[in-house]
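> Given next are the chains, with one letter for each unit.
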Amino acid sequence: MDDWTGSDSQIDALIADLPTYDAPDAAIAAVLSAVAAERAPAPVRPLRWPLLAAAAAALIAVGFGAATLRPEPPPALTIKGAAAPLVTPATVALGLSVLRDGAPVALQPGQQAQASDSVLLRYTTDRAGFAYLFRADGADVEVFHGVAAPAGTHHVTADGQVLGYPLQGLEGAQRFGLAWTAEPWPAGPEGPTPPTDLVAALSGGLDRDARLDADVGLVSVDVAALEVASP
Amino acid sequence: MANRYESHSDEELFFLHRDGDPGAMAELLERYRRPVMTYLVRTVSDRGLAEEVFVDTFLALHQASAAYQAQGAFRSFVFRIARNRAVSALRRTPERIKRLSSSIEAVPDDDRRPRLQLVHGGVGPERSTGARRQLRAVEEALNALPERHRTALLLFNVEGVPYPEIAQILDVPLGTVKTWIHQARKGLKKQLGDAFSDVGR
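Heads up: the sequence lines are chains A and B, in that order. Each residue of the first sequence is one higher than the one before, counting from 835 in my numbering. Each residue of the second sequence is one higher than the one before, counting from 374 in my numbering.
Extracted from the complex, chain B is given alone in its bound form (with noise of 0.2 Å):
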């Protein structure tokens, strides 16, 4: 079955929302939840925080369709609310931030045969232990990270958001995106010296 929303871009998703189109949210919603959640948990290291955030997030961007005009791509737009979102609540709720560690969802085991189960990507359990141990390593060395760092580098290493895109995210210029995803890698490979220190030799 066609979603008809499927071959409309983003931008023009967001101007048939505007314009009181009642199913273009749900599709940008479904396009951006995967990627806003992911950036907005490790930004704020906090899972309920990061759910609160993204709510947040979505309902400004509604607010916002008024006054849009499309100005550069809507990725950089909803990335831009987001991280404002974000600074914001890691400023009004510290004693929230938790250290952040992959787990592995389990569905529990009962009597009879087993129903879902866990069958495809993220850290699952045919990772060896020492794999997990090094993952768990680079979460906690990006948590470590000064956020306008961590964010420059997860926008460009998760979301594949080039440099130009993430100036007009953050709004700093182009020079200054590229010193701190320097400085982030440089952060990390300090930080994860002894969690790898048999790896890239």
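Chain A extracted, bound-state conformation (with noise of 0.2 Å):
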């Protein structure tokens, strides 16, 4: 076999065109599991190695699916607005965008998108949980995507590459929502089963950035409206 007679240009633009590779999720939560727990208070046995077991023992006793996280558990909740005690809930966003021309373009609240679209999601959390992307129609709430995530700003990927909703079958006004849980959400038939009261407030017409009172706990919502073309 003759060598390759391409040039050090060619050879480093094959190596840079190869895929990238995300970490998973629950590896994430599982390095801020094993410091958070290396920072607690010392526990009146000492362990070996308390870093690596608390760190093994996330990723064994969850899988990959979905690790569990410690937080602090949430003083009294209340709906926003409601005349009661203010609390501590998440601060969460939510973004959507299109691609034109493969870039992507950030969409405006209510502004229009073809049938031919993905939505690409792109959200924000101020610290770790569960975070749940939806599309609300009405009384029907669709759960498509949930993640255990840290805090910051995270897309919708596997494996390193992006994924979209796609709107073809969609007609009329759309909302996508971001749903952020201190604990994970119960999993259905169909994936993870939203909390009930979300349900309503969604058919009620639940818009941006609100806090739920939720049958699994505190619950931050933010919802992202936008209208599909007539094909």
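One should not assume that every hint holds.
[As the list claims (entries may be wrong)] Pair by pair, the computed Cβ-Cβ distance ranges are: (1) B:G393 / A:D842: 45 to 51 Å; (2) A:A847 / B:L547: 22 to 28 Å; (3) B:E384 / A:Q942: 53 to 59 Å; (4) A:S1037 / B:G421: 21 to 27 Å; (5) A:A847 / B:S461: 29 to 35 Å; (6) A:A847 / B:R377: 33 to 39 Å; (7) A:E872 / B:G533: 31 to 37 Å; (8) A:T839 / B:A517: 31 to 37 Å; (9) B:P546 / A:S950: 54 to 60 Å; (10) B:S461 / A:A1007: 53 to 59 Å.
Keep in mind the hints are simulated off the structure, nothing from the lab. The structure presented is a predicted model; accordingly, all values stated were derived computationally and were not measured. Every residue, glycine too, gets a C-beta built ideally from N, C-alpha and C.
Using the supplied hints, reconstruct the complex from the two chains, each of which is provided in its own coordinate frame.
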């Protein structure tokens, strides 16, 4: 076999073109859990390898599907705007964009998108927890993505590749939402089951930046609406 | 919504973490999760092992935070630890190394409308069979390189790390880095012969 006669810059371009890989959220959560455990008050019986043991336990106990996080229990909860003690909910934000000529273009609230578009979702949370992305169509809530997420900005990805929600088959007003929760939602036959309080609130026209007292604990929600043009 | 850590450099974040800030490590993880994971997958050639080494790397980083003095770029510090951990893992578990092959994450179809689909980046369905074959050949050729040559080339090409910083990460002279990258390219050309016989002419 003859050596390839391409130039060094061509070799470099081939390397740079290789796919990238993202660490699973479970690995991120394992690190953060182990660090938090190590910083917590020392146990009565000292562990030999506290950090590795904590991280290994976190990975083994929950697998790679959804790492269990143990944030501090939230105080008494309230629906935003109600006359009740304030709480410290997570601050979350959801942004939508579509690809135009290969580049993402942000969608403003209520802006129109085409049925041929796929919506890219970018969400931000200020603390670790469980992030769920959903589409609400009246009382129908479709949860299409759920991960254990650390604080920060996230995109919907799989193995380093960005995923989008295709709008094909949809028409008119659509609401996409981010729900952040400290505890994972129970698994249902069609994926994670959103709390009934959230479904009810969405049916009632829940809009941006809300906090809910849900049957699985605190839920912080941000909703972004768009209009899908008729084909 | 602004991320209050966005304006901080990596070094500042690590000092914040050292001083007990609860969110600084999460921000560092968010910045480095993809570059470190990509480097580790390409180094150990095993996704599961790479994930274990990833966790190990950041735990080691945390343990080193008390003594951290910001001598050199934080990125060098991270990749140095990652590389050391990867090399140790390779020595411990050679039987777990397997060929890394390109794959496309396909969202399975169901009877209803499709949900999330690949839209951007990576080896996507829009690439030709020939392009995918060539990418696979490049990955296999990379795997065949000695670890030190592969690491030097990946840090330079994929992460854009300059030669002097690579020398810091690998703890070798600058001239050695240049030699290793040259030898890596030479090794790749030797491996790629047939797969790229119609390219570069």
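> Are P546 of chain B and S950 of chain A spaced within 54 to 60 Å by their CB atoms?
holds (55 Å)
> Within 31 to 37 Å: is that where the Cβ-Cβ distance between T839 of chain A and A517 of chain B falls?
violated (19 Å)
> Quick check: does the Cβ-Cβ distance between S461 of chain B and A1007 of chain A fall within 53 to 59 Å?
holds (55 Å)
> Quick one: are G393 of chain B and D842 of chain A within 45 to 51 Å, going by C-beta?
holds (47 Å)
> Between E384 of chain B and Q942 of chain A, does the beta-carbon spacing fit 53 to 59 Å?
Violated - the Cβ-Cβ distance for E384 of chain B and Q942 of chain A, about 37 Å, lies outside 53 to 59 Å.
> Taking the CB of A847 of chain A and the CB of L547 of chain B, does the distance hold inside 22 to 28 Å?
24 Å Cβ-Cβ, so the 22 to 28 Å window holds.
> Against the range 29 to 35 Å, how does the distance between the Cβ atoms of A847 of chain A and S461 of chain B compare: consistent or not?
Hint holds: Cβ distance 32 Å, inside 29 to 35 Å.
> Could you see if the CB distance from A847 of chain A to R377 of chain B stays within 33 to 39 Å?
holds (38 Å)
> Do the Cβ positions of E872 of chain A and G533 of chain B conform to the proposed distance bound of 31 to 37 Å?
Distance hint for E872 of chain A, G533 of chain B holds at roughly 33 Å.
> So the hint says 21 to 27 Å: do the beta-carbon atoms of S1037 of chain A and G421 of chain B match that?
violated (43 Å)
Of the numbered hints listed earlier, those contradicted by the structure are 3, 4 and 8.
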